[in-house]
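Protein chains: 2
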Amino acid sequence: MGGAGASDARARQWPFSVVRASDADAFVDALGGDATRVLTRAEDVKKYSVDWMGKYVGASAVVVLPRTTEEVSKVMRHCHARRIAVVPQGGNTGLVGGGTPTRDEVVVSLERMRDIVSIDEDAGCAVCEAGVVLEELESAVRARGMTVPLDLGAKGKCQMGGCVSTNAGGLRLLRYGSLRGSVLGLEVVLPNGDVLDLVRTLRKDNTGYDLKQLFIGAEGTLGVVTKVAISTPRAPRSVNVALFGLESFAKCVEMLKLARGLLGEILSAYEFFDRESLDLVLAQLSGTRDPLPGKPCEFYVVIETSGSDAKHDTAKLDAFLNVVKSQRIVVDGVVGRDEKHAFALWTLRERISVALKYAGAVYKYDLSLPTARMYNLVVVLRDRLRPMFGSRVKVLGYGHAGDGNLHLNVSCAEYDDAIERAIEPFVYEYTRDERGSVSAEHGLGVMKAEEIHYSKDAKAVELMATMKRALDPFGIMNPYKVLPAAAVGLSKL
Amino acid sequence: MGGAGASDARARQWPFSVVRASDADAFVDALGGDATRVLTRAEDVKKYSVDWMGKYVGASAVVVLPRTTEEVSKVMRHCHARRIAVVPQGGNTGLVGGGTPTRDEVVVSLERMRDIVSIDEDAGCAVCEAGVVLEELESAVRARGMTVPLDLGAKGKCQMGGCVSTNAGGLRLLRYGSLRGSVLGLEVVLPNGDVLDLVRTLRKDNTGYDLKQLFIGAEGTLGVVTKVAISTPRAPRSVNVALFGLESFAKCVEMLKLARGLLGEILSAYEFFDRESLDLVLAQLSGTRDPLPGKPCEFYVVIETSGSDAKHDTAKLDAFLNVVKSQRIVVDGVVGRDEKHAFALWTLRERISVALKYAGAVYKYDLSLPTARMYNLVVVLRDRLRPMFGSRVKVLGYGHAGDGNLHLNVSCAEYDDAIERAIEPFVYEYTRDERGSVSAEHGLGVMKAEEIHYSKDAKAVELMATMKRALDPFGIMNPYKVLPAAAVGLSKL
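These protein sequences, in sequence, are chains A and B.
Residue numbers for the first sequence follow this note's numbering, so the first one is 1033 and each next one is one higher.
Residue numbers for the second sequence follow this note's numbering, so the first one is 1033 and each next one is one higher.
Watch out, some of these pointers could steer you wrong.
Repeated chains share a single entry, so a pair holds when one copy, or any two copies, can fit it.
[Claimed, not checked] Below, simulated SDA-like cross-link-like pairs (lysine to any residue); rule was C-alpha separation at most 25 Å, straight line: (1) K1396 <-> R1416; (2) K1491 <-> D1229; (3) K1289 <-> R1174; (4) K1491 <-> A1113; (5) K1289 <-> S1171; (6) K1327 <-> A1067; (7) K1357 <-> A1342; (8) K1491 <-> R1114; (9) K1396 <-> L1317; (10) K1491 <-> V1231.
Since the hints were derived computationally from the structure, they do not count as laboratory data.
Kindly produce the complete structure, drawing on both the sequences and the hints.
Right under this line is the structure:
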């Protein structure tokens, strides 16, 4: 065992205990003797040890599948006493390696905690366990005329605990704001096993510091989220989807301003993607079709409106269409005729990341940048990589234009350090110089823990480390994620 | 001087240094030699030492009026080194004694820091210094077609730093959500004088823990907010105000559900007040008139809609009016004919707290409760106090029904401990049993610091105290506010 105080080089690099057979036994005890929920066989453990892209590969020996908060608490209490490193895992749909082990951390998967505890129509909120899949919760509240104020491409797999822990943004942020406003309460198991019960369903509660905010977006480095209370607004009665082709990104920005004015309170999504993104989707995903055949454009925008009166919404959308067509802001546009057609239009935007996965390796960057200049980086990076790698790499730009959030993706057949070195730190430096964020919504995970300084100054990082130490003195919670190793007293991996 | 380690009884009770003449000199130095901004004469200091209601009276000897963040930093550095207690003060419009001294704390007033730093129409955000008055910022962004997503009765006096520090809720929360979503960035001077620069204007930024959340709603106990970056959505093109009279609170709740459905995304406020509140306003404030003369009702609701298309908004409101009239949910209703009339309707709700002040002493409670049962407490309390005090006390209920937030007020000629004892802890216990919040939006201040346990369990309070100690090891920042004295190592005041 390499204890926290051990002095050999290995221990300093990885100051946590190696997991023994007796630890696995202790986990079985913590789970009431149910050995079927403590996985130790390599073939069982494997899928929890690697992320869905196959980019981040750990070497966990044990996966624990608790069913209750109390079980999570007992598992954490043991790990805390034994200085065992832990990675909490949700749907494993993250993009920055935040939910998979870096070495042999014990994986605490929330997948068996999937009860929807309560749905309250009067108050407009729901309480669920962390392992509830976003789409399941959406279906359950839809049946009562409400909606979850969060929607993601990964909705069929991502779990609510993971969504909260990563402060997921997604497709509805423009309309409903961030989870920092929508999450009403949380239950969290702290690194020492204590259970912090912050499950409330009040809209307003100014009794002391808002502790739940600490755990929203902490990517599991401060505790394990076990329950989520979230506001669930009325489902819109009328939803429209339209897709537009445009000549330039400047036109996309011009149209965004018009949309804000003319669509106003019913504008619920404003998403863009470039030609390269569309080409990749059409090439990789069967059943997809060019939405504007015969009129190839450089840029595409998907607009969604959500409102309470179909007639009013259609009138607003028609007025908007007239303006953007007559002012020649768009090359062409198409409105979703019915739910199926609308879904097909959304799919083109929503499934780009799946198409990227099918295409091979991908370097993903998730940046906040000033909206008007956002796409410049895609152009600059394309110009930078072309002379080095020619057609071996493709640079794609898409994202949540309405939120100032660019998803910059470099697609290639296989991961290649030379390509990575050509992109990083270039992209981060560019973002820093624009006073942007090197992680708009994906989080830092293991991918960008050491890059935090591009968006946060030393004092801020120091204060984050102070909070980490206060909550997790042994540093066992999801080590090497979010904060630079040195800031929390670890040496580099 | 009673140092932190001194052992006499007085020092234990108040473990901070007594402010000396040499400290005032040091503050003058910190302010670049400008002695006019360090107030020490009793007549100058007095108004900063007492809250606007005259309920919380301290005994400060010095008020400091910094103009820059650097000056705040120097002042805090001195206070930290000398263990001098500090109370940051904004517009002094708080209701729980959070912004006034409990003893002889140095008052750091932000009133001279009132620059609007920038307004960005493209991004829809503004950056201002902490001392900017809410109404000033609203005027400035209105001139560019935007609005501040916060509105309060105290808007003519309350400052942005204070609004953020108290996580002010107010009249627009229903539409724009809480400040936890709207505030994009902050600059904060920490208790040791360090400046934490978290001023960003990005919609999305998941680079590490969201430190600014710590200071939103901390009521100045973790640092001094010096700059605020806030999102400023497009101002609505069309605003309608309607006032309704109803027979019962149950009808108010029934109408709220209909409003959510029929007005949907344009519903921007749903406020209620009872007969007692209206009577008081009409009695105390000249120029006010009964909105529904000849039809006295037990309850009144003010509804505001905000939208982008006047025709659509009016159509929705008309449809709503038809339903609530034909279904006899309301006794009567009146729609604001023009801006002046709409303002008059709003005034009846907005100025209740001013009317209460004119009427004498007032015990104010700001509670989150399950909406449907919210008004029960008013009835129960009225029944409880009547046999004891007869007509000496009036119990009023009003508030943000759409947010589940009741303002319960007990009005009497003069403050009287017997009345207070009859209300407290009764009201807090009732709220706890309903799993409500004893402070929905006003904060805890000095009034409710010891009552936090009615809404938060011991583990949560302990964790808050951990964070307080991490940021403010000497406890000099706004002592005796927010957290129970014992939790941060102080004895009772």
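Verification of the hints:
{"no.": "1", "hint": "K1396 <-> R1416", "verdict": "within (17 Å within a copy, 63 Å between copies)"}
{"no.": "2", "hint": "K1491 <-> D1229", "verdict": "between (30 Å within a copy, 8 Å between copies)"}
{"no.": "3", "hint": "K1289 <-> R1174", "verdict": "between (31 Å within a copy, 17 Å between copies)"}
{"no.": "4", "hint": "K1491 <-> A1113", "verdict": "between (31 Å within a copy, 19 Å between copies)"}
{"no.": "5", "hint": "K1289 <-> S1171", "verdict": "between (33 Å within a copy, 22 Å between copies)"}
{"no.": "6", "hint": "K1327 <-> A1067", "verdict": "neither (60 Å within a copy, 71 Å between copies)"}
{"no.": "7", "hint": "K1357 <-> A1342", "verdict": "both (22 Å within a copy, 24 Å between copies)"}
{"no.": "8", "hint": "K1491 <-> R1114", "verdict": "between (32 Å within a copy, 23 Å between copies)"}
{"no.": "9", "hint": "K1396 <-> L1317", "verdict": "within (19 Å within a copy, 61 Å between copies)"}
{"no.": "10", "hint": "K1491 <-> V1231", "verdict": "between (32 Å within a copy, 13 Å between copies)"}
Going down the numbered hints, you'll see the structure goes against just number 6.
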